[in-house]
Structure formats: C-alpha cells, structure tokens
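Quick note: the sequence shown uses numbering that gives the first Met the number 0, first residue 0, plus one each step.
Just so you know, these hints were derived from the structure itself, not from any lab.
Please note that the accuracy of each hint is not assured.
What the hints assert, rightly or not - Listed below are the simulated DSSO-like cross-link pairs for lysine-lysine, each with C-alpha atoms no more than 27 Å apart in a straight line: (1) Lys88 x Lys37; (2) Lys162 x Lys217; (3) Lys220 x Lys162.
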Amino acid sequence: MKKLLLTFVLILSSTFMWAGIAPKPEMDFTLIYATENKPTVLPNTSEQIQCEDNQCLQADPLGQYGIQKLYCRANGCFSIAYEYQPFQKLILNFSDGVTRESNVFPTPAKLRNSFTVLVRDKDLVVELSAKPQNFNALLRADAWMSLVIILLLELAAAWAYLKYTKKSPRVLYSVLLVNLISMPLSWQVLGTLVTESWFIWLFCFLFEALFIWILNCKRIKARDAFELSFAINVTSYTIGMILSFLIAPYLF
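Based on the provided sequences and hints, a complete structural model is requested.
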C-alpha cells in the first residue's frame, strides 16, 4: 500500500507547477492623472493584452480563466495570471467615454510587480514602479482560500499516509503547525522575491519535510518525513488546483 501511495503521488507531481493555490504572477497598476478631470475605469470593458513581441503583432487578451483576469477599481487595476506572455499592453475604457491604450511594456521577471499608469487625454503611459508594492497576504481573499484548501487536503493526505504506513497519528500536529508557518512565508516573503512558482513548491516540500522530521525524530525516520512531505504537497497542489480554479471567480 505504501508503494501504491508513492506511485500515485509521483504521477500527480507532473502537474504541480500549474497549481492554483500557490502565489501567482501579478501586476498592480496605479493610475496617475494628467487630465483635467479624473474619469474612472469601466472594468467590464477594459482589458490587458498579452504579446509575444515588443510590437504586439501577435496579441491575445488576458481574458478570464480561473483567477486569471484584469481586475479594476476606481483608482487603478491589478491582474493575476497563471503565466504572462513576454509583453503587455493595457486598453482601458473610462467614464468620460474615451478608450485609452498604453504603450507595450515588458513583463518583469518577478512574480509580483507594481506599475504606474499615466492617464493622458488620449492614451496611457505604463512604467515599472520603483516603489515596492505594499503587499499584505493577510488581506487577500485568495491567500486565505489557499490556506484553507492546503490545510484540509494536506491533513487528509497526511492522515492517509500515516495510517497506511502505521506511523503515529501525533505527526499530524506538526503537519498542521508547519503549514501555518510555510503558507505566510510563501505568500508574504517568497512571492515578492522569486521569479518562478516552482521554487515556492520546492521550498515548501523541503522546509516541511525538515520541520516534520525535527519535531518527530523519535517517531519517524528522515526518509519517512520527506515521503510524507512529498505526498501532502503533491496532493494539495494537484487537487487544490482544481478546487481553487472553481472558487477563484468569486474571490474578487
């Protein structure tokens, strides 16, 4: 049974990098007006365009796919994507009846990035902001959704693993504790530093394995801790992808 479980999670691991519960690439756009009035953005008719080249000859709308979308409010917009194309462009409709298009701008390497959008009479000028984004994961609905899904799935997977391998159920307490630590680290710290989501998965896998083993070194071997961490992380990142994809449209 143990070998069957490990084979199962190895098969699932091929999709972990596309999981929806990890921090995803996002862009925050702050509007700065150079117009006499300050028209508001009309969210339902505005779009972010993705391009393969800096001339935007091959352009596709970001669209809405799970949580992937351009979200706009009165004083700005932000977008989330599972993966951005190399170049971007904004087309925003405003309450003054004018549709303004931006310059084509490159997609930065980091997962989270802030931009300033200069709103002129006829167009937009987008520039990467030198000011760090003020990000608080505790205020994000998708971060809380991620935590709930991770806890439910990883505790269930850990219980199944411990039952099949006949290990002490007390290990579950460390699984709960380590997730309450690794999730804020992933969203609040690593999300602003790394350029690829897979690095966050790798960090969670290694950090949780070591944490679980240190707290349970008298109950399980190091190999068991790494197998357990691999099993729970693959479970949460694969099944979690499906659940978060279904819930995502209702978060913002």
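(message) Does Lys162 sit within 27 Å of Lys220, going by the straight-line distance between their CA atoms?
(response) 16 Å, holds
(message) Would the hint linking Lys162 and Lys217 be met if the CA-CA limit is 27 Å?
(response) OK: Lys162 and Lys217 at ~17 Å, within 27 Å.
(message) Run the distance test for Lys88 versus Lys37: straight-line Cα separation, threshold 27 Å.
(response) 21 Å, holds
When the structure is compared with the earlier hints, no violation turns up for any of them.
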